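Once you've looked at the hints, dock chains B, C and D against the given chain A.
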Amino acid sequence: MSKSENDAFWLDKAKAVGADLMRLDARRHHEQAPPTAELDLLKSAGLMSLAIGRENGGAGISWRTVNEIVREITAADGSVGVLLGYHVISVVHLRREDPTRRQALEREITSNQFFLAGVANPRDDDIQVEPLGGGYIFNGRKSFCTGAAFADRLTIYGRMAETGQAALAYIPANRAGITYHHDWDNLGLCRTESGSFSVENVRVQADELTIEADDERTASIRALRTPVNHNIFTNCYLGFALGAFRAARKYVGEKGQGWQKLQPAAEDPLIVTQFGDIWVELQAGIALAERAALKVGVLLEGYPNFDEKQRGDAAIDVATAKIHASRAAISISSKIFEPMGARSTHNRNAFDRFWRDSRTHTLHDPLIYKVFEVGDFALNQRYPEVGPYS
Amino acid sequence: MSKSENDAFWLDKAKAVGADLMRLDARRHHEQAPPTAELDLLKSAGLMSLAIGRENGGAGISWRTVNEIVREITAADGSVGVLLGYHVISVVHLRREDPTRRQALEREITSNQFFLAGVANPRDDDIQVEPLGGGYIFNGRKSFCTGAAFADRLTIYGRMAETGQAALAYIPANRAGITYHHDWDNLGLCRTESGSFSVENVRVQADELTIEADDERTASIRALRTPVNHNIFTNCYLGFALGAFRAARKYVGEKGQGWQKLQPAAEDPLIVTQFGDIWVELQAGIALAERAALKVGVLLEGYPNFDEKQRGDAAIDVATAKIHASRAAISISSKIFEPMGARSTHNRNAFDRFWRDSRTHTLHDPLIYKVFEVGDFALNQRYPEVGPYS
Amino acid sequence: MKQVQKVAHLIRDDNEALDVAARLAELFAQEASARDRDRVLPVAEIQAYSASGLLGAIVPKRFGGAAISNVTLSRVTATISEADSSIGQIPQPHYCLVDAVRIVGTPIQQETFFADALAGKLFGNAVSEVGKDYETSTTTLKGSVLNGRKFYSTGSLFADWVPIAAKDDHGKAVMVYVPAEAIGLSVLDDWTGMGQRTTASGSVVAENVEVQDWQVLARHRLFDEPTIHGPFAQLLHTAIDLGIARAAMSDLRDWVQKRARPWKDSGVNQASSDPLTTTSIGRMVMQLHAAEGMLDRAGGYVDEASANPSDVTVGEASVAVAEAKVLATELALAASSMLFELAGTQSSLEEHNLARHWRNARTHTLHDPVRWKPHVVGSFWLNNALPPRHGSV
Amino acid sequence: MKQVQKVAHLIRDDNEALDVAARLAELFAQEASARDRDRVLPVAEIQAYSASGLLGAIVPKRFGGAAISNVTLSRVTATISEADSSIGQIPQPHYCLVDAVRIVGTPIQQETFFADALAGKLFGNAVSEVGKDYETSTTTLKGSVLNGRKFYSTGSLFADWVPIAAKDDHGKAVMVYVPAEAIGLSVLDDWTGMGQRTTASGSVVAENVEVQDWQVLARHRLFDEPTIHGPFAQLLHTAIDLGIARAAMSDLRDWVQKRARPWKDSGVNQASSDPLTTTSIGRMVMQLHAAEGMLDRAGGYVDEASANPSDVTVGEASVAVAEAKVLATELALAASSMLFELAGTQSSLEEHNLARHWRNARTHTLHDPVRWKPHVVGSFWLNNALPPRHGSV
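Chains as they are written, first to last, in our numbering: chain A, 540 to 929; chain B, 540 to 929; chain C, 11 to 403; chain D, 11 to 403.
One or more of the hints may lead you astray.
Here are some, though not all, of the chain B residues that point toward chain A, as calculated from beta-carbon distances under 7 Å [what the hints assert, rightly or not]: (1) Q802; (2) T859; (3) I862.
What the hints contain is simulated information worked out from the structure, not anything from laboratory work. This structure is a prediction, so every number in the text was calculated from the model and none was measured. All C-beta atoms, glycine included, are put in the ideal place defined by N, C-alpha and C.
Isolated chain A, as found in the complex (with noise of 0.2 Å):
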């Protein structure tokens, strides 16, 4: 499918920043300290600002390209990358607040180019929102809160003590009684900081706050959650695998090793048909991922107006490239050495870092439970529920 002009002015932008960004040493990948000088490279071309409408100064560009970014970006830096994911995700989902709000919102983001980070891991619940004066005031502690460490702006997620509801405060991340434990100590994304911080009376204004009502918008919001998140993610992968791809065709072509007298290396009938071997896997895994942005795509349109089968076709055809785009990341980041050989494993060239990385974020939820909810549907052809993690 053709592509539109400003799309494509977009897409070769963020290949720049790609490019920009493959310059700095591979060796960073592996510290832990945070990436500011990639952030400013990203704010600098504007790419905070991607999954925004024109109306309101962003790219206004298609979920699809969205998506291509995130993976071109991801491929070039897997830290990196995954931010900016979580950024795109806690953007779209600025869609709970009110049209005018939204708008708000979308304009500052556009303008100042923040970056943020979202803080919702499905599994705990554990900040207690009590309110406070006018306003209201938040306590507690979260884990896994990508990115929150260096946001301008952060969406945390906590629970209304009295009432059990939902409440989402959009607030600036050095407000008062905020505190980063700087603990993320993986053993893949390590400059994500994806660890834990902590909130002791942090005081969240009344116009901060979105309560989650008992209405078709949260309930939109939360149907569109798992396929706008998942197809993210698995756009991160595939950029996984193709960074992985692109370091190993570039090593081979300038420094690998036929086997016995074969040379160059990308002669060797055996390296060349893995590479073709991976070649299909990964390319699979782009074919699914764009079909299933173009069903979320529609989601997006539609919202908060989209029907029960629409929303359950977009969540099988984005389990569905979740699934292969999981697999292949870790084979082909594991797989790549084979052509490169045993050099290829000196620490300069930190070529483990798209085996980390895959291994680390694809274990957020267990793919055996996505090819059973596929299953489901292929054998029984039922829709998955919505929830956390489907």
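Just chains B, C and D now, kept in the frame of chain A:
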């Protein structure tokens, strides 16, 4: 991507034909009798002019929908779908004719719902053409002449005895001197009659013959061959897989047995996940095939004006899809038995037809060399050279 | 009591059993494809098998048999199945139901049936019922009268004895050993599976068959107590799958060596020198050797459990057999399909009938579902959970 | 001649070697993760290994050793590697270069080096050169003076003897056994691979090292003649991969039993009871048992070729080892990655350092490319083609 109304109309029509085909006895798949009733169903639905524009009375649908229809018909009946696929290929290659003659032939096909068969196995080269009077005379023998035995019109590929130029005759199939040997006895595609035939002093008029010149049109037609043909083959393979999947879903729902006391079978978690895996494999194939069809569609629209990059990208996408689809068809058509269980092997079900058909047609050209071709692009960024299989 | 009329060679030890199997295999391989194609039952071949003494080779030594090990028996079965997997499967129930006599048979059953097995008599089986399981089975032994209808009764068409699973007056599972010529017993040639076509796995119908007490074996004890009955049956099924895989690979070797054309882009002038071909073949060869090792390993566990039956030894045997079964299943399916890919287009001509390996593999590997076997293996390794006791693990 | 100063326990037979290895493994496992994380070389552990007598256990009996079989040595290596795969790899060159002395050593070399091995002295190695292969190597022995630069010299940092591959004045390949304290020899701690981090696989530099004739071993004969030198080296690499796989699976078991949370939709209250988890684990257990069987099988072929070296026996050993290597490679990679999938999100915390298994597997399995091994196996099976003779098969 949403479909035009006209495309959706034709797809629905084809699905209705598919449903009719499914009502025939499954055991006929193993018989060698010609599929006369089946072809009549296709003709009366107008499917012989699927790949012809509306200006010539045809369906006027996108190349992507043509492919989807071939897939659907193949899912319903493997032999019939493959026949339709080869017919479409023959129709597409009428582009070799000058525009006036192409228009006349397409109109003839539309109004008579002619079924075409083409005879051009690139590894043989054994039909000789000699001038005689104002016309020509054909002599020789061909193998793998799919559908020729019950075609209305034949394209016969020969070689000019003196100049060595390729010559294509487009003639009525009952022309004197043509003998069908009815010697197709292969493990799958039993009703395609893909056996051999011979031509003995067959007379061809000058206006029935096209001699390939060394011009741009010939080069373009040659460049179209593999992308077009393999795109159709890919959808045949996906049709085998889709047919297998649907048959298994139906059988498990009606007659499956869960492990131990797990009932119904459709709730056995390992059966459900088996279907999930089948679904992911099948959908990845479909997504790749559709992406490839969009690229081939661009070539067909541009014909005879497309450039090497367009041709190369289309060829790689087609090859990528074909590799995945070949593997998926063979794997899915064999895997379906596991959730269905031992009793499904009763010959009355003929569930082996999907594997037999897949295993037979995927031998068309060696899979591993397609992987090599794709790998050569992935690693060395080389497009495949235009050739009979690439 | 039945008169023993057949006379068979007496096999003395494990090595002789292997030699005899190799000789028979050579014979059976010759017309295997033709028998499959034309669905001709292997009558003369089963006679040769019977005369060879292999049917009695598992009889305990104190009854005059060679008591060959389960490792040996599984190798014998693989060798025969490579030549003709239908012939490999026909005596599978025989061995199970002769071994059952060893485990829970009465003295008179042991004396009679072991003598018959040594004489070359074949025991069939009649257990499965359409749409029924053990609990809903409608085959009954009321007093001395047996009634019921079975299908998938492999080998019964050739059998001298047809052991029939039934419930007795107390609702207990019994196995009634009925002579083939008994009044009221019919064995039908109605098996139409797409593979294993000449196993004679037809229906068995018992209508008011009169039975004597001594013919009734306490089948329930085979599962109530820890016995190798389940893993033993599965071990032989695994050997059959392995035999099918070997047969497919043997045809693959012939074709690639003698018939396949090199691909135009391969740069070699023999298909057998193409590294892309040898690489695919090499991967399967490794799987073959691994599966052979796993079959021997499983046989060793069954031998141990046979000598010292307990919950643990029998459970371990079931698990080891399940492991071997999964590998053999996957190899048989992969090899019989890959065969075509490497042998080339001509290999799909029906005249070569190469698809029989896939049809045999696909049909036989469904005998019991493989999908839960990895669970059984994983639960044992992870939780030390012993597998359930029945014929399918 | 060098004075023997170390004293090691004397291992008497294969069983004792296995017992000793099991005891050492228990010790080595305790701090393996911490050593990897902090890149602490296993100094005390290698001393314990040396004192245990395992370094001399392959010495021929007439020189006072136990001459343990290759099957046993590969099991020992797998056991040690399961505990700490870097320690498993460190003596790999030692065994190769002590066995080389058995094959082509002069009497004085045999007497000296075997005595040292029995005394617990460690032999390192220095063969690979950056960007060079055998023919373009620039390490030379001119007269009695050795010069060259090597990298990836596993074990040399701990070694008492550093055998260095060089070309002599006639262009012949030799292996020069240089004492660690020789003037002009430097061993650098500069190995920075992402896995097998504590193998001390650094660089070795020889600058005008003076050498005596008796220190020079006729390396070319190891490949000119049919010897087990190649398959022997690969057998031990295979054992290391298998050890890594076992280590990953052992952590997997612990995690699923003790830490993993059941998934909300699983309907079970322990992750270890989830059939979707046990099924995945079961598949890997099967592969593990198959790989173990294949390692033993390969060891058997190497034993046979060692006793009766010929083109055929050595070729068969190479092929059998290649088969085992591919399975062990794939299992080690799959198990060390699947571990996370079943252990859950918490397993990716760096504090648990579970990724070391994958880093070790991925690094070590690249030692020589696996991609051509199936070709070697397939060519032998199909065409009876013997594999090339070098250290990589």
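For each hint, the structure was consulted:
{"no.": "1", "hint": "Q802", "result": "violated, 14 Å"}
{"no.": "2", "hint": "T859", "result": "holds, 5 Å"}
{"no.": "3", "hint": "I862", "result": "holds, 5 Å"}
Violation of the numbered hints given earlier is confined to hint 1; every other hint is satisfied by the structure.
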